[in-house]
Amino acid sequence: MTNMRMTEQDLQDRETKIASRGVDVFYGATHAIKDVDIDILNNTVTAFIGPSGCGKSTFLRCLNRMNDTIDSCRVTGQILLDGDDIYHSSVDPVTLRARVGMVFQKPNPFPKSIFDNIAYGPRIHGLVNNKAELDEVVEKSLRRAAIWNEVKDRLDQPGTGLSGGQQQRLCIARAIATAPEVLLMDEPCSALDPIATAQIEELIDELRQDFAVVIVTHSMQQAARVSQKTAFFHLGVIAEHGDTNQIFTNPVDKRTQDYITGRFG
Amino acid sequence: MGPHIVSSFDDDLIAVQARISEMGGIAEEMLSGALEAVKNRDAQMAQEVIARDKRLDAIEMEVENLATRVIALRQPMAGDLRLLISALKMASTLERVGDLSKNIARRAVYLANARPVRLSSSIVRMGNQTLGQLTEVLDAFTSRDTALAVSVWKRDVEVDEMYNSIFREVVTYMMEDPRTIGLGSQLLFVAKNLERIGDHSTHLAETIYYIVEGTPLGDDRPKGEPLGLEGY
Ligand SMILES: Nc1ncnc2c1ncn2[C@@H]1O[C@H](COP(=O)(O)OP(=O)(O)O)[C@@H](O)[C@H]1O
Ligand SMILES: [Mg+2]
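Which chain is which? The protein sequence lines are A and B, in order. Residue 43 in the working numbering sits at position 43 of the first sequence, with consecutive numbering throughout. Residue 34 in the working numbering sits at position 34 of the second sequence, with consecutive numbering throughout.
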């Protein structure tokens, strides 16, 4: 019983994609994240788990400076993407977010056609030179998000007309259309039914071939299924971080044990 | 560990453990009864042992059903998951111990009806040692005592060595007097069954260690020399 995941691969040689060093986050006087150090590895799915309000989303949003949009929010410490501080004044947050894409809890397609939902990012970031290239990026992204076959005959129809699970895969396609290096997902399946959830999970496993993936999830089983690394957040700190395998079969920290086995803390 | 937020989850885990303990108790009684039956040429006792095996099979099924249901309904994690998976293994191991004890009891029926022989005292000693280890490993489960489990695990080598020496002794008899072959082979089966029960106690010790520590016990256990047939 040492190997819970059959697909478990040796994580030793994965390089660090994002390094967090002594990160604190405040909302006004609320100290939401306290001195968090963590390495997010490339080609690896890292799951953030923990009780509601422990800071998972807050920390996830630090990784692509999504918190910049919240006035009361202040981030200190360092977040290094390939060794470079993403909070440095020379970094353009919009460009950063093309490299570190995000998928949200509630599918949020733009009120535009399916095609334009995907084409939007590559267009504004100038990633394509002509219509043929754009068509190619759109098709590739939709294929990569495992939704091409379902939408290829109605690319001109609104993205909002798709089912919840299709919308979420459309949003994933949109996020990967800008050729990101990291994909952040905040409870991407919590609004989806079990079949759509299984499709997204299958997709996540595929995506880690190309990206570092970080997923916040309320479902422990989902974390155990899709991730290779798990970080357990508790009251703004990472109480335990390690191989998913170990966290779910033999957690060290009492708080992790209580949480994942459903006991009173 | 505190209680679960869902209290019926606790009830289920307690029920699974109670079944394992019950199986352990029955397996222990079956082994001790079978050994008494061999020692005292008591066919009646042997029949009682044989009859008890059904109950063990029935509880094994109960453990399987209960554990499967808990896994399906609760998706247990960490220590709870280890306990349930281990309970399934322990139930099947204890069922095997019951089978082997039943087999010893069958031999006891044969021995009781055969011409009385001076029973090798080493087979009685081997029986006591095997029974003692089974008792200790079951205590280790009840008290979650990994030190006790490890001590049983390490001592299986003694049972293996006893088996090897009994084997040589009985084979020597049989070669000296071919009329003892029928009886001698029954005794060899008893010894072999005891040796297998010793292995199962070792297995139980490993499982208990895993439940408590979450890591395997490893495999640098002292082992007896493989039995050589040279010279026979
Ligand atoms: N926009 C915000 N303004 C003020 N406080 C916030 C904001 N977002 C989150 N918080 C607070 O920060 C803490 C962590 O919240 P959050 O990161 O959403 O947790 P989680 O995702 O783990 O449920 C909570 O105490 C929450 O109330
Ligand atoms: Mg959240």
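Simulated from the structure, these hints should not be mistaken for laboratory data. Just so it is clear, CB atoms sit at the ideal spot from N, CA and C, and this is done for glycine as well. Just to be clear, a hint being listed does not mean it is correct.
[Said to hold, decoys possible] Derived DEER-like restraints, expressed as beta-carbon distance ranges: (1) Val6/B with Asp193/A: 15 to 25 angstroms; (2) Glu64/B with Pro158/A: 49 to 59 angstroms; (3) Arg69/B with Glu150/A: 52 to 62 angstroms.
Hints, verified against the model:
{"no.": "1", "hint": "Val6/B with Asp193/A: 15 to 25 angstroms", "verdict": "holds, 24 angstroms"}
{"no.": "2", "hint": "Glu64/B with Pro158/A: 49 to 59 angstroms", "verdict": "holds, 52 angstroms"}
{"no.": "3", "hint": "Arg69/B with Glu150/A: 52 to 62 angstroms", "verdict": "violated, 37 angstroms"}
Of the hints listed earlier, the one the structure fails to meet is number 3.
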